[in-house]
Amino acid sequence: MRRAPLVWGGAAAALAGLGAGVLAILISTATTPEAHAERYLQALAADDLVTASRLAGLPEGTPTPLGDAGEPSVLAVLGRIDRGDGRVAIIAEYGGLADAATVILTLAPAEPLLGVIPQWSFETPPVRSLEVGVDQHDEFVVNDVRLASAAAGETARLTGFVPARLDIGVADPFVDAAPRSLRLTASAPRLVVLEAEPTARLERGVLQEVTAFLLGCVEQEVLQPTGCPFGRSIDDRVLGLPEWQLVREPVITLSASSTPGTWEMRALAEVGLRVTVQRLFDGRISDVDTTLTATVTGEVVMRDGTPRLTIAPPAG
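Position 136, counted from 1, in the sequence shown is what numbering that gives the first Met the number 0 calls 135; the numbers after and before it change by one each time, with no gaps.
Note that these hints are calculated values from the structure, not bench results. Model, not experiment: these values are computed from the prediction. Just so you know, not all the hints are guaranteed correct.
Estimated spans, in silico, between C-beta atoms of each pair [to be verified]:
(1) Asp166 x Ala199: 19 to 29 Å
(2) Arg203 x Leu238: 39 to 49 Å
(3) Arg145 x Thr258: 30 to 40 Å
(4) Leu214 x Thr258: 23 to 33 Å
(5) Asp286 x Glu194: 30 to 40 Å
In this text, a Cβ means the ideal position worked out from N, Cα and C, and glycines have one as well.
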């Protein structure tokens, strides 16, 4: 009955001896500021954003920042600089072969684990915010995540891990923009606004609507079709009904207006008129066969992801 405490005591002594060796290894390697920074960068490279958030020191419940869009192949701790007051600046290199960045991560001593094992934490979490938007649209994509601002032309605030790469673009069937790619380092811009342009699909849709509008106009057998951007005044007597036809399909131009989310539309087309007239002066009968230029203007507004064309009334 008395041997159990002796056996337990011997095992405890052996574990204590083994624990001292393991503890020494932990203290000398895994608990350094270099090791903490490297573990954070490894978690970021592996898209383990939960671990990256924990190592970054973000409060529990904080929305997860954006991770890295690329596949980092460069990850190395280059050195350290003692800042004083126990603080240490770790110099690291991180990123792809073509866009690796050098960053400085400042750490400070944290509460020791079990009261004896040194721990480190970032002086401030390695995250950075920026404003992102599109000048003529309210939706954009960052690292394959579709996001939106409050309205077209406005920006939304995003937060990502330092030094993650962010790929910013537009994924919309009607609006496109030249993409941007940046790393969240100290030199990264605080504001990114993409310049939108209409896609071929949007231009085709507007062309179809304008063409349909003009075809409706040429069906009117009058000299001044109602609500249409063309017509002809003839002082002589008209014999029979005027005949209009669309000679050349419209050429569409869409340009960004001063109102975000609105495109100014201008279209030029050629219409033909055939009509028989009798001169009032001498009663001579002749045929009028002429071609006119029709100018159609209007605006295209994006609403709920769908373009809506409004054709302006004819001038005059």
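Here is what the structure says about each hint:
1. Asp166 x Ala199: 19 to 29 Å: Hint holds: Cβ distance 23 Å, inside 19 to 29 Å.
2. Arg203 x Leu238: 39 to 49 Å: holds, 41 Å
3. Arg145 x Thr258: 30 to 40 Å: For Arg145 and Thr258 the Cβ distance comes to about 24 Å; the hint is violated.
4. Leu214 x Thr258: 23 to 33 Å: holds, 29 Å
5. Asp286 x Glu194: 30 to 40 Å: violated, 51 Å
Checked against the numbered hints listed earlier, the structure breaks hints 3 and 5; every other hint is satisfied.
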